[in-house]
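Engineer: Sequence:
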Amino acid sequence: MNRWFIPILIALFLIPTLNISISHAQNTSQFSLPDNAKVRLGKGRLMGLNYSTDGTRLAVVSTIGIWLYNTSTYTELSLLSDDTATASSVAFSADGQTVASGYTDGSIRLWNTTTGVLLDTLEEHTDTVLSLSFRSDGTLASGSSDTTVKLWNTTTGGQPQTLTGHLDAVTSVAFSPNGDTLASGSLDTSVQIWDVATGEQLHLLIGHEDSVFSVAFSPTEATLASASRDGTILLWNTAFGIQTKQLIGHEGFVYSVTYNRNGNTIASSSSDGSVILWDPVTGQPQQLLTGHTGIVIDVSYNASGGTIASASSDGTVRLWDAVFGGQRQTITGYTNYLLDVAFSNDSSTVATGGADNTIHLWNAFTGDHQQMLVGHEDWIWSLVYSPDGTTLASCSDDGTIRLWDATTGEHKQTFSGHTDWVWDIAYSPDGMKIASASEDGTIKIWNTADTEPLHTLTEHTDSVLSVSFSSDGQTLASGGADDTIRLWDVSSGELINTLIGHTHIVRTVEFSSQEGILASGSDDNTVRLWDTVFGVELAKYTGHTGLIWSVTFSSDGNTLVSGSNDRTIRIWDSVSGENIQTLTGHTGGVLSVALSPDQNTLASSSSDGSVLLWNFTPSQVFYATVNFSPSSIQSPAIGNQITFSMNIEDAGSVAGYQAMIRYDDSALRYVVANNANFLPSGAFSIDPKLDENTITLAATSLSGESFGFGTLANITFEVIAPKASTITLSNVRLTDAFGNKTYAHVQSAHITEPSLQQGDLNGDGVVNIQDLTLVALNFGETGENLADVNGDKVVDIVDLTLVAAAIGSSSASPAIWNPDNSALLTRSTIEQWIQDAKNLNSYDPTIQQGILVLQQLLTTLIPEKTVLLPNYPNPFNPETWIPFELAIPAEITIQIHASNGKLVRNFHLGFHAAGLYQSKDKAAFWNGKNNEGESVSSGLYFYTLTAGDYSATRKMLILK
Numbered sequence: 001m002n003r004w005f006i007p008i009l010i011a012l013f014l015i016p017t018l019n020i021s022i023s024h025a026q027n028t029s030q031f032s033l034p035d036n037a038k039v040r041l042g043k044g045r046l047m048g049l050n051y052s053t054d055g056t057r058l059a060v061v062s063t064i065g066i067w068l069y070n071t072s073t074y075t076e077l078s079l080l081s082d083d084t085a086t087a088s089s090v091a092f093s094a095d096g097q098t099v100a101s102g103y104t105d106g107s108i109r110l111w112n113t114t115t116g117v118l119l120d121t122l123e124e125h126t127d128t129v130l131s132l133s134f135r136s137d138g139t140l141a142s143g144s145s146d147t148t149v150k151l152w153n154t155t156t157g158g159q160p161q162t163l164t165g166h167l168d169a170v171t172s173v174a175f176s177p178n179g180d181t182l183a184s185g186s187l188d189t190s191v192q193i194w195d196v197a198t199g200e201q202l203h204l205l206i207g208h209e210d211s212v213f214s215v216a217f218s219p220t221e222a223t224l225a226s227a228s229r230d231g232t233i234l235l236w237n238t239a240f241g242i243q244t245k246q247l248i249g250h251e252g253f254v255y256s257v258t259y260n261r262n263g264n265t266i267a268s269s270s271s272d273g274s275v276i277l278w279d280p281v282t283g284q285p286q287q288l289l290t291g292h293t294g295i296v297i298d299v300s301y302n303a304s305g306g307t308i309a310s311a312s313s314d315g316t317v318r319l320w321d322a323v324f325g326g327q328r329q330t331i332t333g334y335t336n337y338l339l340d341v342a343f344s345n346d347s348s349t350v351a352t353g354g355a356d357n358t359i360h361l362w363n364a365f366t367g368d369h370q371q372m373l374v375g376h377e378d379w380i381w382s383l384v385y386s387p388d389g390t391t392l393a394s395c396s397d398d399g400t401i402r403l404w405d406a407t408t409g410e411h412k413q414t415f416s417g418h419t420d421w422v423w424d425i426a427y428s429p430d431g432m433k434i435a436s437a438s439e440d441g442t443i444k445i446w447n448t449a450d451t452e453p454l455h456t457l458t459e460h461t462d463s464v465l466s467v468s469f470s471s472d473g474q475t476l477a478s479g480g481a482d483d484t485i486r487l488w489d490v491s492s493g494e495l496i497n498t499l500i501g502h503t504h505i506v507r508t509v510e511f512s513s514q515e516g517i518l519a520s521g522s523d524d525n526t527v528r529l530w531d532t533v534f535g536v537e538l539a540k541y542t543g544h545t546g547l548i549w550s551v552t553f554s555s556d557g558n559t560l561v562s563g564s565n566d567r568t569i570r571i572w573d574s575v576s577g578e579n580i581q582t583l584t585g586h587t588g589g590v591l592s593v594a595l596s597p598d599q600n601t602l603a604s605s606s607s608d609g610s611v612l613l614w615n616f617t618p619s620q621v622f623y624a625t626v627n628f629s630p631s632s633i634q635s636p637a638i639g640n641q642i643t644f645s646m647n648i649e650d651a652g653s654v655a656g657y658q659a660m661i662r663y664d665d666s667a668l669r670y671v672v673a674n675n676a677n678f679l680p681s682g683a684f685s686i687d688p689k690l691d692e693n694t695i696t697l698a699a700t701s702l703s704g705e706s707f708g709f710g711t712l713a714n715i716t717f718e719v720i721a722p723k724a725s726t727i728t729l730s731n732v733r734l735t736d737a738f739g740n741k742t743y744a745h746v747q748s749a750h751i752t753e754p755s756l757q758q759g760d761l762n763g764d765g766v767v768n769i770q771d772l773t774l775v776a777l778n779f780g781e782t783g784e785n786l787a788d789v790n791g792d793k794v795v796d797i798v799d800l801t802l803v804a805a806a807i808g809s810s811s812a813s814p815a816i817w818n819p820d821n822s823a824l825l826t827r828s829t830i831e832q833w834i835q836d837a838k839n840l841n842s843y844d845p846t847i848q849q850g851i852l853v854l855q856q857l858l859t860t861l862i863p864e865k866t867v868l869l870p871n872y873p874n875p876f877n878p879e880t881w882i883p884f885e886l887a888i889p890a891e892i893t894i895q896i897h898a899s900n901g902k903l904v905r906n907f908h909l910g911f912h913a914a915g916l917y918q919s920k921d922k923a924a925f926w927n928g929k930n931n932e933g934e935s936v937s938s939g940l941y942f943y944t945l946t947a948g949d950y951s952a953t954r955k956m957l958i959l960k
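The sequence shown begins at 1 in my numbering and counts up one residue at a time.
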């Protein structure tokens with residue numbers, strides 16, 4: 001059994017539920033619908049049955065309640081249901097007027113058989129009530145998993161008498177026909193007989209080698225039969241407490257045993273799928289009744305003894321001729337765990353999948369069963385219709401994904417490749433891809449036209465339980481048993497981000513139609529909302545008291561629905577986070593929730609074996625909208641600024657606001673934010689708070705309120721990389737003059753990547769030395785980087801050579817560059833680049849072009865002649881730089897004279913290689929002081945450069 005399903009199992013240990021084949025009745029499961037539910041699919045999982053003493057009623061126990069049948073026609077009369085617990089046992093009073101039902105929460109409910117009215121609730125047991133039996137005077141016996149037997153006076157009420165002695169769960173209790181004694185069977189392998197009047201144990205019957213599941217007195221009271229997990233039925237002399245016979249014939253556990261009214265036949269049911277009729281005198285089987293395809297859980301004779309009813313895990317109750325053994329009738333419609341539910345695109349069909357290995361298609365309006373799709377060999381965990389509605393996809397514990405024709409039900413295709421259970425599947429919005437999440441720890445992305453996966457994603461460290469595509473189909477989200485959510489690039493299969501916050505298994509993820517919003521549900525009992533652009537948690541919804549199995553958004557993204565193991569469905573306003581409605585009605589965990597495409601119906605599937613279809617209305621709360629203008633803009637070049645206006649539309653009474661803005665700090669640098677004109681004059685603005693890539697803005701007015709539309713604030717950024725990025729809004733809070741808080745819809749802004757030629761790294765529209773310098777500045781950097789021209793995740797000589805080649809292909813001269821960025825462009829540096837590029841041993845024409853451009857650049861660094869250039873700044877105070885160019889290497893000296901010819905300062909700069917010495921880090925520097933370190937006065941001065949045979953003099957002016 002699936003290990004991550006174990007926490008939600010509420011099945012009794014004595015009723016296995018595997019390999020069920022479901023049959024269906026039409027329009028028979030609409031009794032006792034919970035408030036706001038309009039259709040029920042399935043009658044729940046079968047747990048047992050019992051005939052009334054007068055034979056006019058048959059009570060069938062299912063996980064959603066007690067179904068009462070008229071035995072003349074075997075049609076349903078009513079469903080006795082309590083939404084708060086799962087039914088586990090049933091018994092009729094001697095007069096047939098009362099039905100007692102036991103529940104997994106340890107309670108017992110008494111119902112009026114005719115009216116279906118709840119008469120009383122008995123609460124003393126601390127665990128599941130596994131068996132009930134009435135005495136003729138109305139005394140009720142109950143056996144429980146809490147190891148006790150209790151005797152209740154259902155007429156007068158009061159505290160029950162408690163019988164203790166068993167060491168494990170009491171699985172069966174039965175009064176003797178005269179009511180003086182009570183028998184009980186237990187998982188402790190024993191049978192005990194009690195004196196009802198005194199509560200004393202009369203006999204302890206030991207003989208079974210395994211758990212005892214059922215006990216029954218013969219009509220004469222002389223014999224007691226017991227059925228066991230050891231596969232035998234033992235007959236006991238009740239007077240002396242000794243074993244008289246052993247009935248052997250079943251090939252599995254024996255779950256139930258009962259006598260007919262004359263005592264001349266014993267009927268038993270077994271995990272081998274059969275009912276056997278025995279001769280209690282000889283101990284030999286008389287008839288073998290076969291036809292069930294699953295475990296036979298319970299068996300009961302009607303009052304006349306002419307009919308036997310048997311309940312099976314195959315979802316059927318079968319009625320047999322007790323004399324001749326023929327099958328008379330089959331009652332259908334009972335179901336097993338329903339693990340997932342999905343609507344067809346026209347909202348008219350509901351598909352369910354579950355523990356019977358079969359897909360069932362139902363009419364969403366009437367609840368009628370329409371079709372079964374058979375092919376999977378194990379539990380079916382997820383169903384999804386293709387975007388065009390023509391295909392239904394399913395995944396299973398058998399490790400496969402299957403595609404079915406949604407109209408005909410014909411099997412179309414099978415995807416195999418996972419090595420373990422497949423938990424979840426999702427279609428991409430264009431219907432061209434399917435993603436699958438598996439217990440094997442991987443996610444596979446499949447092309448729907450092929451059976452080979454496009455990508456296998458392996459970053460999760462444990463089982464992957466859920467997948468969801470973003471509305472644009474570019475991102476896939478996955479939730480796993482490693483407590484993380486991971487975001488993937490669908491095209492490349494690369495991991496984009498890991499979302500950390502849940503403290504337990506993440507069972508479900510679902511993208512909203514609103515860009516960048518993801519919901520998740522976890523075993524930590526919380527639902528969370530995430531900003532997938534920046535990988536941060538936006539909100540945490542609490543209220544569920546059990547793990548979250550499923551979440552789904554309304555089509556507009558304003559409403560979120562969650563289904564939990566606490567048996568409830570919660571509907572949330574996804575703008576405010578308010579829990580606007582809680583739906584109750586399931587008696588087991590809610591395993592899946594889905595909204596019909598027309599948004600009128602909510603479906604929930606449950607471990608109680610039913611699907612409920614609920615009336616649904618999305619959140620009707622009206623909110624203002626806060627967005628950016630421009631909403632989309634192409635990135636300008638590096639160094640340019642962009643200003644976004646944060647606007648509000650459809651505002652009510654607003655006296656203040658707070659907002660959180662996130663931006664990509666690898667593309668933008670925050671410059672400034674200012675409050676705008678929407679709030680009344682005199683509004684007080686709190687200084688913007690900058691925390692890494694997040695800006696928090698807040699302002700309030702004490703002089704009134706504003707309405708309608710306008711601009712709340714202006715935010716300015718500087719471009720540091722011309723690439724695509726998103727600016728998001730979150731945590732927007734609006735307040736009125738009284739401090740009342742409201743919320744707002746938010747919309748993001750987008751900066752698009754400019755159409756740049758290869759190598760134009762700064763986005764100024766031309767490839768030149770500045771772009772080459774950007775590569776040099778990022779040499780050795782790894783990962784995503786603007787300077788990684790060839791996209792191999794490392795900035796190296798290849799990228800630099802490609803930019804050089806692009807310079808050669810453009811109209812820009814290699815000699816054009818910003819002197820402030822020329823520090824890297826020394827002769828030795830460029831010579832090294834040329835050598836490294838040659839060492840690539842590449843004959844690619846682009847690489848060869850790049851080498852040629854670098855060689856040309858090298859020549860531009862060697863001037864044709866030596867020259868002394870004008871100092872800068874000039875005039876100056878108190879310092880200046882003296883640039884020059886050397887055609888050949890030389891010893892350099894510079895002398896500075898006053899206007900009267902007196903030597904003021906003498907610089908011996910040493911030997912210099914040929915090259916350009918123009919930038920501040922290369923030119924000669926004078927701080928305006930003489931050789932003695934004294935500042936010189938204002939006036940005209942002359943500076944002379946001597947380089948070998950070359951000498952030149954220019955004028956400079958100091959102004960103080």
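Read the hints as simulated data drawn from the structure, not as lab findings.
Mixed in with the good hints, there may be bad ones.
Between beta-carbon pairs, the in silico distance windows are [as the list claims (entries may be wrong)]:
(1) G473 x L777: 34 to 40 Å
(2) F622 x V671: 30 to 36 Å
(3) S555 x M432: 17 to 23 Å
(4) N363 x T414: 23 to 29 Å
Within a straight-line C-alpha distance of at most 35 Å, the following computed DSBU-like cross-link-like pairs (lysine-lysine) qualify [as the list claims (entries may be wrong)]:
(5) K865 x K793
(6) K902 x K793
(7) K689 x K540
(8) K793 x K723
(9) K433 x K723
(10) K929 x K793
(11) K902 x K920
(12) K793 x K838
(13) K38 x K540
(14) K902 x K433
(15) K723 x K412
(16) K689 x K793
(17) K922 x K902
(18) K838 x K955
(19) K865 x K902
(20) K922 x K865
(21) K929 x K960
(22) K902 x K929
(23) K865 x K723
(24) K412 x K929
(25) K433 x K412
(26) K960 x K793
(27) K960 x K902
(28) K920 x K955
(29) K922 x K955
(30) K838 x K723
(31) K920 x K960
(32) K922 x K960
(33) K540 x K723
(34) K929 x K865
(35) K955 x K865
(36) K960 x K838
(37) K902 x K838
(38) K955 x K929
(39) K838 x K540
(40) K689 x K723
The structure presented is a predicted model; accordingly, all values stated were derived computationally and were not measured.
Cβ atoms here follow ideal geometry from the backbone N, Cα and C, with glycine treated the same way.
Engineer: Would you mind marking each hint as holding or not holding in the structure?
Structural biologist: Okay, the hints, checked on the actual structure:
Here the CB-CB span from G473 to L777 is close to 36 Å, well matched to the stated 34 to 40 Å. For the pair F622 and V671, the supplied restraint of 30 to 36 Å holds, since their beta-carbon distance comes to about 35 Å. Between S555 and M432 the beta carbon distance is about 21 Å. The supplied range of 17 to 23 Å therefore holds. The hinted range of 23 to 29 Å is satisfied by N363 and T414, whose Cβ atoms lie roughly 28 Å apart.
Between K865 and K793, the direct Cα distance comes to roughly 43 Å. Violation of the 35 Å bound is thereby established for this hinted pair. Of the pairs offered as hints, the one joining K902 and K793 is violated, with about 61 Å between alpha carbons and a cut-off of 35 Å exceeded. For the hint pairing K689 with K540, the CA-to-CA distance comes to about 23 Å; that is within 35 Å, so the pair holds. Proximity of K793 to K723 is assessed by CA-CA distance (about 16 Å); at most 35 Å being required, the pair is judged to hold.
Taken as a hint, the K433 and K723 pair is honoured in the structure, with Cα atoms around 28 Å apart against an allowance of 35 Å. Pair hint K929 plus K793 does not hold up; C-alpha atoms about 51 Å apart against a cutoff of 35 Å. This hinted pair checks out: K902 and K920 have alpha carbons roughly 27 Å apart, not beyond 35 Å. Between the alpha carbons of K793 and K838 the distance comes to roughly 21 Å, so the proposed pair stays at or under 35 Å and holds.
Pair hint K38 plus K540 holds up; C-alpha atoms about 31 Å apart against a cutoff of 35 Å. For the suggested pair K902 and K433, the alpha carbons sit about 85 Å apart, so the restraint of at most 35 Å is broken. Using a Cα cut-off of 35 Å, the hinted pair K723 and K412 is violated, with the two alpha carbons roughly 43 Å apart. Distance check on the hinted pair: K689 and K793 sit about 33 Å apart at the alpha-carbon level, within 35 Å; holds.
Between K922 and K902, the direct Cα distance comes to roughly 27 Å. Compliance with the 35 Å bound is thereby established for this hinted pair. For the hint linking K838 to K955, the alpha-carbon distance of about 46 Å lies beyond 35 Å, and the restraint is violated. For the suggested pair K865 and K902, the alpha carbons sit about 30 Å apart, so the restraint of at most 35 Å is met. At most 35 Å may separate the alpha-carbon atoms for a hinted pair to count; K922 and K865 meet this at roughly 18 Å.
Of the pairs offered as hints, the one joining K929 and K960 holds, with about 13 Å between alpha carbons and a cut-off of 35 Å not exceeded. Restraint check for K902 and K929: the C-alpha separation of about 14 Å stays at or below 35 Å, so the hint holds. In summary, the hint linking K865 to K723 is not supported, as the alpha carbons are separated by about 43 Å, beyond the 35 Å threshold. Restraint check for K412 and K929: the C-alpha separation of about 90 Å exceeds 35 Å, so the hint is violated.
Distance check on the hinted pair: K433 and K412 sit about 15 Å apart at the alpha-carbon level, within 35 Å; holds. As the CA atoms of K960 and K793 are separated by approximately 54 Å, the hinted pair breaks the 35 Å bound. For the hint pairing K960 with K902, the CA-to-CA distance comes to about 20 Å; that is within 35 Å, so the pair holds. A C-alpha spacing of about 19 Å is found between K920 and K955, which places the hinted pair at or below 35 Å, so the restraint holds.
Restraint check: the Cα-Cα separation between K922 and K955 comes to about 20 Å, which is no more than 35 Å; the hinted pair holds. Of the pairs offered as hints, the one joining K838 and K723 holds, with about 31 Å between alpha carbons and a cut-off of 35 Å not exceeded. Taking the CA atoms of K920 and K960, the gap is about 22 Å. The hint holds against a cut of 35 Å. Taking the CA atoms of K922 and K960, the gap is near 26 Å; set against the 35 Å cutoff, the hint holds.
Of the pairs offered as hints, the one joining K540 and K723 holds, with about 32 Å between alpha carbons and a cut-off of 35 Å not exceeded. The hinted pair formed by K929 and K865 meets the criterion: a straight-line CA distance of about 31 Å does not exceed 35 Å. For a cut-off of 35 Å, the pair hint linking K955 to K865 stands: about 21 Å separates their Cα positions. Between K960 and K838 the CA atoms are separated by roughly 54 Å; this puts the pair beyond 35 Å, and the hint is violated.
Restraint check for K902 and K838: the C-alpha separation of about 54 Å exceeds 35 Å, so the hint is violated. Restraint check for K955 and K929: the C-alpha separation of about 17 Å stays at or below 35 Å, so the hint holds. Distance hint between K838 and K540 is unfulfilled; the C-alpha atoms sit about 57 Å from each other, more than 35 Å. At most 35 Å may separate the alpha-carbon atoms for a hinted pair to count; K689 and K723 meet this at roughly 25 Å.
In summary, the numbered hints that this structure violates are 5, 6, 10, 14, 15, 18, 23, 24, 26, 36, 37, 39.
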